[in-house]
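Put chain C on the given structure of chain E with help from the hints.
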Amino acid sequence: MSGYASGIVAILCINLIFAYAIFVTAAAGQLNLGGAGFQAIGAYAAAWLSSSAHMPANVTIPLAILASALVGFVISFPVLRTRGVYMVLATFAFGQFVSGFLLRSPTFGGAIGMVVADYIGVGALVICAVVTTLLVFFLMASRLGLAIRSIHDDELVSTIMGVNVRAVQVAMFTLGGALAGLSGALYAHHFSFVEAQYFNSLLSIYVLLFVLIGGTQTAWGPLVGSLFFTLLPELMRVGGSWRYVVFGVVIVLMMVLRPQGIVTRALVARLSPRNWWPASSRAATRVSDAG
Amino acid sequence: MSEASATASFRSLPVRPILLAIAVLVAIAVAIFAGGKVIAQQMVSGLMLGSIYMTVAVAFTLTIGVLNFLNFTIPTLFMLTGMVAWGVLSRGYLSVAGGWGWLLALLIGIAVAVVASLIVERFTFRYLKTRHGDATEHAIPLVSSLGFLLIFEHLVLIALGSEAQRFPVPFKADLYAFGLVIGLPQLASLLLALGIVATLTYVLKRTRMGRALRTIAESPDTASLLGVDVARIVPVVFILTGLLSGVAAALFTVNYGDVSPFMGEHIGTKAIAAMVLGGLGSVWGAVAGGLLVGLAETLSIHFLGGDSVQMVVWGLLLVVIILRPQGLFGASAIGKAKL
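As given, the protein sequences belong to chains E and C, one line each in that order.
In this text, residue positions in the first sequence follow the numbering used here: the first is 6, and each later residue adds one.
In this text, residue positions in the second sequence follow the numbering used here: the first is 2, and each later residue adds one.
Honestly, the hints are just simulated from the structure, not real lab data.
In this text the structure is predicted, and so the values were computed from the model without any measurement.
A portion of the hints provided could be inaccurate.
[Claimed, not checked] Covered stretches of chain C (in silico footprint by chain E; criterion: 3 or more residues with CB under 8 angstroms from a CB of chain E, positions within the stretch not fixed): (1) 156-167; (2) 231-237.
[Unchecked claim] Quick partial rundown of chain C residues pointing at chain E, CB under 7 angstroms, derived from the structure: (3) S91; (4) A140; (5) I141; (6) M312.
No residue lacks a Cβ here, since even glycine has one placed at the ideal position from N, Cα and C.
Bound conformation, chain E alone (with noise of 0.2 angstroms):
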């Protein structure tokens, strides 16, 4: 693999495992615009464990999991108490308040940034990245990613059918955080330099448009957002910066023609091998478009 391809499938297995770290908060029912902040943790804890406290990979990684993954538990209970505009508004401010506290602490560098000690290849990246794909289907098909699902679809209805919501968004900001958080640490290994000015509220905007664009009905709808978003731009490095507007565009165009974004439960039904014989008495499987 050349070093250009396998620069694109390393930054394409970390928007990945980002854009689902956002997924599993937006398909409870939750927009987060202030992803970069919890991979900025995550990146910044696997960064100083590796330079200053010198451990390897393999044990940074999973306490940079835990350090954002508590961060997400611990700002879900203030972030919760907001919803709609004020929730965007809410983890919008806590991502520029972490972006500016590494900016300012001598301890991470401060805007210098910090060289990270211990390297770490595409391949394990690839493996993290299918991995937690897998996860994600898993807790979707679950009886969690019901509960999840239908808060998605309607909050109080879901609470009158007996589901903890508070439980469940406590738990995916948590868990959301830990993604984050593993592709931040990932980033910082691969790159093998933090600095804070690349966890900036635009790379919280590209993450939420990667999972917005690709829809938050099924897990399907990151994978296909990242793809697109990740290679999109590659495919068209040709348009210089005229791909930024054609790419502008494409998202206006897609909010008016399917804001639900690309993929929805109604498509999956659609594609799935089960419904490929429509004969057959199992194609009953009807979803409306509304999901």
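Leaving out everything else, chain C in the frame of chain E:
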């Protein structure tokens, strides 16, 4: 009857603006008394910067208050005004206007921002009726506005380049009062910004158009039942958004004399902070919040150094949005219907 009218005339007094003015004057007096001239000078600069934040924050708060929509194109409209004004001026299209070319250029920039804002309206709000009824639905216009952010920013980068540019303003005059230096353009912009906000408050409170806007803020469905033509009134919000962002950018350009394709990002995030401090949907809250953020920024640069601004402002904001989502000065109602 007389009692009722007495209450009414009392309530029509502009209490909040008066309180705000008193608070600002007291703060400056205390600062001169306690901290000396350096602090007072910092506060004056903070207020001037705050007047720019304030105008942009009013644009944000208006869109959230009426349409419940966090419009991420506002920073881009701000940037668009400055860059378009520089573009038409530097290419010499306005040499016929003589010494007033800079003013004409800024007016053209504002007009472009208004048109761009209407394009955003066409593609975000016309289609909001597509309701698929789940929890992330309110993000649809937000995501479209992020798409427009990319489009406008990169069109400007293609057409005008990525460098910061000097915008020539022919006058430079400072006023010396109480031993403080006050730039005349800065003072003019503070007064102009306050004037715009006061006019906007009047329009929202007293006119037919304002009542229609407030009805939509309360409930779009009820508004259309009561005969408000929602599809015709919503563009007004976007015209005002473009106008406010454009005027703020024109004031910024005149004050600081330079423009860049990235000038909107810094202003935009500070304006969001100002809006949250003042309470979402509250126009006078955004005014107070804007001035407060301007002050907090210059004072924290003075006391803590430039790097800490981001941390201080956003940390404060996170606390406010969680503990007092209605803002520091807001009424108890949350979110909508507070104009």
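Hints and how they fare:
Counting residues of the stretch 156-167 of chain C whose beta carbon lies closer than 8 angstroms to any beta carbon of chain E gives 3, which meets the minimum of three for the stated coverage. With a threshold of 8 angstroms between beta carbons, the proposed coverage of the stretch 231-237 of chain C by chain E is violated, since 0 of its residues qualify and at least three are required. For C:S91, the interface hint is violated, since its Cβ never comes within 7 angstroms of a Cβ in chain E; the closest pair sits about 20 angstroms apart. At a threshold of 7 angstroms, the smallest CB-CB gap from C:A140 to chain E is about 6 angstroms, leaving the interface hint in force.
A hinted interface residue such as C:I141 counts as satisfied when its beta carbon comes closer than 7 angstroms to some beta carbon of chain E; here the least separation is about 5 angstroms, so the hint holds. Hint status for C:M312 relative to chain E: holds, with the closest Cβ pair at about 4 angstroms, below 7 angstroms.
This entry does not satisfy hints 2, 3, going by the numbered hints stated previously.
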